[in-house]
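Kindly generate the complete structure, drawing on both the sequences and the hints.
My numbering puts the first residue of the sequence shown at 244, with every later residue one more than the last.
Treat the hints with care, since some could be wrong.
Stated by the list, open to error - Label pairs and their in silico Cβ distance ranges:
#1 Q257 with G373: 29 to 39 Å
#2 V316 with R266: 34 to 44 Å
#3 W364 with S326: 19 to 29 Å
#4 P268 with T330: 34 to 44 Å
#5 E292 with R270: 17 to 27 Å
#6 K255 with R321: 17 to 27 Å
#7 S254 with S355: 13 to 23 Å
#8 V360 with K265: 18 to 28 Å
Hints listed in this document are in silico derivations from the structure and should not be mistaken for laboratory results.
Bear in mind the structure is a predicted one, so any value in this text is a computation, not a measurement.
Quick reminder that beta carbons are idealized off the backbone N, C-alpha and C, glycines included.
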Amino acid sequence: MAKATGKWLESKLQAGLVDLQKRNPLRWLRLYDSTSAGLNAGNSNYLPEQDGDFILICNGGQGCLIECKESTVHGSLRSWLASAVSTNQRAAHRFWHRAGAATIFLHYSQCSHELEVWWGWDVVVARNEGI
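What follows is the structure, given as structure tokens:
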């Protein structure tokens, strides 16, 4: 099983969005769940699962949901898609697309040091096909 922290990728993306927002007409928001907030399961301050890690608004008001995935084992999101993307995430991305927004999955492999960008709809279709 892949160790999936996402912390490095999330911090790099957040730093990049801070910089982009200074120079471009966009707005972003970080969505925190219990894992990203650093809370353990036994903590009474439980935060619910979120649709993604970031919301980005740009391009004349176009919304985009961004989910970060990171693996210490897998070189590609495709090789662990079924365990990396929960049923709730798949459903959330489907709803975002139905509402007219774009969604993106970013996958960083710590073993190959490569970043993949997946359109959220491609992930939804792949999970629906059992990949």
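Hints, one by one, checked against the model:
| no. | hint | in the structure |
| --- | --- | --- |
| 1 | Q257 with G373: 29 to 39 Å | holds, 33 Å |
| 2 | V316 with R266: 34 to 44 Å | holds, 36 Å |
| 3 | W364 with S326: 19 to 29 Å | holds, 20 Å |
| 4 | P268 with T330: 34 to 44 Å | holds, 35 Å |
| 5 | E292 with R270: 17 to 27 Å | holds, 23 Å |
| 6 | K255 with R321: 17 to 27 Å | holds, 22 Å |
| 7 | S254 with S355: 13 to 23 Å | holds, 19 Å |
| 8 | V360 with K265: 18 to 28 Å | holds, 23 Å |
The structure shown violates none of the earlier numbered hints.
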